[in-house]
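Undergrad: Since the structure of chain F is already known, use the hints to place chain U on it.
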Amino acid sequence: MPSSTRDGQPFRCSGALNGTSNLAGKSTLRRAALEAGTLPCSTALPCSAASRSTALLCASALLLVACSKAPGYGATAQLQVSGATYAAGALTGGNAGPAVISTYARNSSITPGHQEVLLDGTLGPGATAVLLGLPGDPGYWILPASPPDIETPDQPTFSASLGFAASIVSPQLQITVVAVDLAGQRGPASSVAFTVLRVAPPEVGLVVELDWDSEADLDLHVVDPFGNELWAGNLTTPAEPNADAGTSPGTFGFDSNANCVIDGLRAETATWAAPPPGTYVVRVDDFSLCRATVAHWNVYVLRDGVVRLQAQGVATPADSRFVKGPGGGIQALSFAWQ
Amino acid sequence: MVAPSLPCPRAPNRLPQRRLAPSDGARLRHWARKWALVLALIPARPGAARADVPVIFLPDYPPPAPGHTDLQLHGYVQADAVAWAQDSEDQLAPSTSAPLNQERFLIRRARLEADVRRGPLLGWIELDANTINGPAIGLASAEISYLLRLHAPPPSHAPMLASPGAPTPGAEPTVTEPEPMVAGPSPATARPDLLMASMGLLRTPFGAELQERDRDRLFLERSNVGRALFPGAFDLAARVQARWRVLLLQVALSNGNPAGSGQYALQDPTAAKDLVGRMGVALASSGARALRLEAGVSFLRGTGFHPGTPATKDVLVWQDENGSGIVQPSEIEVIPGSPATPSSDFHRFAAGCDLRVSATLVRRLGELSAFGEVIWAANLDRGLIPADPVASGRDVRELGLLAGATQELGHHLIFGARYDYYDADLDSFAALPIRVVPSSSVFSTTAFIMAWRFSSVDRFAVELDLNRNPLGRGNNGLPANLPSDTLTARAQLAF
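Just so you know, the protein sequences line up as chains F and U, in that order. With positions in the first sequence counted from 1, the corresponding number in this note's numbering is that position plus 1305. With positions in the second sequence counted from 1, the corresponding number in this note's numbering is that position plus 141.
Isolated chain F, as found in the complex (with noise of 0.2 Å):
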């Protein structure tokens, strides 16, 4: 849809208007109104007909009609913009409005789920806002323009902190970035790459990882072939001195959602590069559901990269009630390493 319809929302007046073929015809204040947004959804629809009766039937048609929604805060988007407001519709330049004239990002590499990912810039001269936006995302975001830097007292500056979802599968992301002046007009469009880096796990040796749905304090539990029991408590398990040469000790991964104190991995993971042979026993202890009702976990077991075994279950409030520290939790599954 064009940018020209409500700041690219799409109306949804039940045929009412339908794009921007349905503006035509209309008067130019009308039409203004229309792109403007100011006008409500009722007064958009066709109800300009000369009869009395048609305008009681609209008017009917008021308390029927679902007409438009708000373009909501962005939930869905795989990019998010702190302290920006987001609208529907996708993104596209101008040629009547301020340029973008520089673009800086600290960090140009960035993982699924990476917050806090700073992009800076030099905006032209007059511009009052810039619009950032990812291709094949819903809509885009506005974010207000700060005050020039001393250098170049003309040309606003911004400085965005950018969030990414954690579902991206794209190995590399041009972010739209077009500059707006104080009658919306908006200038050319530029881009801004970053390059998608993927922490994979291990190609090689076990790896047995936890991950969960909400925001609650799992904790995974791992007991190797000898009795050691690997989790958020042992975070190495020690050398056996009976153990076979060429193997190596278990180490666990980051404690996520730690006491309560969300970080939003919901994953935990034990590795061994060269695992010991034997009987593995995993376990998922339910430490905390913190504010959440209920959590549902999935535990796999990887080898070599690829995962063999899974299991799933739905940790409750009853279940955070049993012993916690080593021994703690519930068994997943076990398994023979060879």
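FYI, nobody ran anything at the bench for these hints, they're computed from the structure. All C-beta atoms, glycine included, are put in the ideal place defined by N, C-alpha and C. Treat the hints with care, as some may be off.
Only part of the chain F face toward chain U is listed, based on derived beta-carbon distances under 7 Å [claimed, not checked]:
| no. | residue |
| --- | --- |
| 1 | K1374 |
| 2 | A1434 |
| 3 | P1449 |
| 4 | P1452 |
| 5 | G1489 |
Okay, derived cross-link-like pairs now, EDC-like style, lysine to aspartate or glutamate, Cα gap no bigger than 16 Å in a straight line [unchecked claim]:
| no. | chain 1 | residue 1 | chain 2 | residue 2 |
| --- | --- | --- | --- | --- |
| 6 | F | K1374 | U | D606 |
| 7 | F | K1374 | U | E244 |
| 8 | U | K454 | U | E474 |
| 9 | U | K414 | U | D486 |
| 10 | F | K1629 | F | D1560 |
| 11 | F | K1374 | U | D228 |
| 12 | F | K1374 | U | D231 |
To list a few chain U residues with every Cβ distance to chain F over 10 Å, as calculated [stated by the list, open to error]:
| no. | residue |
| --- | --- |
| 13 | G208 |
| 14 | G260 |
| 15 | S339 |
| 16 | R430 |
| 17 | P480 |
| 18 | R497 |
| 19 | V498 |
| 20 | L542 |
TA: For chain U alone, coordinates are given in the frame of chain F:
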């Protein structure tokens, strides 16, 4: 009284003859016939059977017999169905994790009221339950009053007190000229003169809309200006009310933090009290037009509170700017601690005037009521954008108004429209990169409501609210409207 269901056979001929001159031509006769047909389809209704709902609620019931205690239980339930909310979204609020979906069923108000009378003493307790933010129950109001009757109305006026517009069985509709306002005995003025002193959690005596009970108000909620300046209608206070003939005077000393006002609701962080009051007049005619006029001026002068801050410690912050996961010296920032800052007070005030005119212009339709209210205020917003002149460094001036009308359409239907406008900061501005420009902080709502009344207080209503606000942001970075129109249905039952 149920009006006859058959249309009046004489209506089609009488109305054009009375309203239109013979020389008006065929076009006017055509319109007259159409209007006559519409009127004929409405059940004939001699005498508007409206509820005698005074804007300002004062007890008119007789005192109990000496030595007796009267206890009455009342209540009502308002069940809402939000059919459409433009800013509703199946997501959670980023900061509070509260559901953003608003298209739902909810109990807006379930009130249980106990009314106790013993001699000159009156007691009132009102409990509220709702599901706005999940199940909740609490105290809505509680007051103890001493009622002194200065003058009882003569017996001949008693029927007018009970039901001033009661239908007269078998009476034919008559057309009379508008009669002048009188200050003598009338449905409004014939109430007894009284002096009433109250203390407790009681209704703030400011303006007309604020003092209209929730079950009596046709529109689903109060206006933007009302909800901004007085987020709750009840505050802890001591109040004196006096009614003498057509005059009504109300003065209260209140804590100044009404229910719903956020951090200090129904508390008082300052020793100073708010002085608030209203002086009004109520006129009514006893003629066929049932003309009524209620007007008043209100004032508020009080003290607001700016909270201080506690001392903070130094904090070390690490921001992984390059995403390496490794702490580097350039990524470490020290946020120094800050000393405590003291709390401080500030002055606030408000002045307002209100007017309501009601009349039965077309007997077959019913009562037409028009109302309006204007409020000027400074530093008083406690609901929408709480005013804090200490934080902003200047006084925050507010202006609000509302205007509307309701028209009965026969015995059961009533239609209403209301427009309200509230500027939360008359001096608001937006700081652009190089200059500062004025910006809007106006909230406005245009509401249309259609209600089917089973009785004066039992009804089913559908309201469309067209809201405008400065909560969104335009492409140019300035505040803009955030679409938030709603369509709500409400069923109300009172007992």
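Undergrad: Could you run down the list of hints and mark each one as holding or not?
TA: Hint by hint, here is what the structure shows:
Using the Cβ-Cβ criterion of 7 Å, the hint placing K1374/F at the interface with chain U is satisfied: the shortest such distance is roughly 6 Å. At about 3 Å, the closest approach between the beta carbon of A1434/F and any beta carbon in chain U falls short of 7 Å, and the interface hint on this residue holds. Because the beta carbon of P1449/F sits about 4 Å from the nearest beta carbon in chain U, less than 7 Å, this interface hint is met. Because the closest C-beta pair between P1452/F and chain U is about 5 Å apart, less than 7 Å, the hint holds.
Given the 7 Å rule on beta carbons, the hint for G1489/F holds: about 5 Å separates it from the nearest Cβ of chain U. For the proposed pair K1374/F and D606/U, the alpha carbon gap of about 14 Å is at most 16 Å, so the pair holds. At roughly 12 Å between alpha-carbon atoms, K1374/F and E244/U fall within 16 Å of each other, so this suggested pair holds. The suggested pairing of K454/U with E474/U holds, with an alpha-carbon distance near 14 Å, which does not exceed 16 Å.
For the suggested pair K414/U and D486/U, the alpha carbons sit about 12 Å apart, so the restraint of at most 16 Å is met. Taken as a hint, the K1629/F and D1560/F pair is honoured in the structure, with Cα atoms around 14 Å apart against an allowance of 16 Å. With a C-alpha separation of about 6 Å, the suggested pair K1374/F and D228/U falls inside the 16 Å cut-off, and the hint holds. Distance hint between K1374/F and D231/U is fulfilled; the C-alpha atoms sit about 12 Å from each other, no more than 16 Å.
Every beta carbon of chain F lies more than 10 Å from that of G208/U, the smallest distance being close to 55 Å; the non-interface claim holds. Distance to chain F confirms G260/U as a non-interface residue, since its nearest Cβ pair spans about 51 Å, more than 10 Å. At roughly 42 Å, the least C-beta separation between S339/U and chain F is larger than 10 Å, which holds for a residue marked as non-interface. At roughly 28 Å from the closest C-beta of chain F, the C-beta of R430/U stays outside 10 Å, upholding its exclusion from the interface.
Distance to chain F confirms P480/U as a non-interface residue, since its nearest Cβ pair spans about 28 Å, more than 10 Å. The claim that R497/U lies off the interface holds: its Cβ sits roughly 26 Å from the closest Cβ of chain F, which is beyond the 10 Å cut-off. Residue-level check passed: V498/U sits 25 Å from the nearest beta carbon of chain F, beyond 10 Å. At roughly 20 Å, the least C-beta separation between L542/U and chain F is larger than 10 Å, which holds for a residue marked as non-interface.
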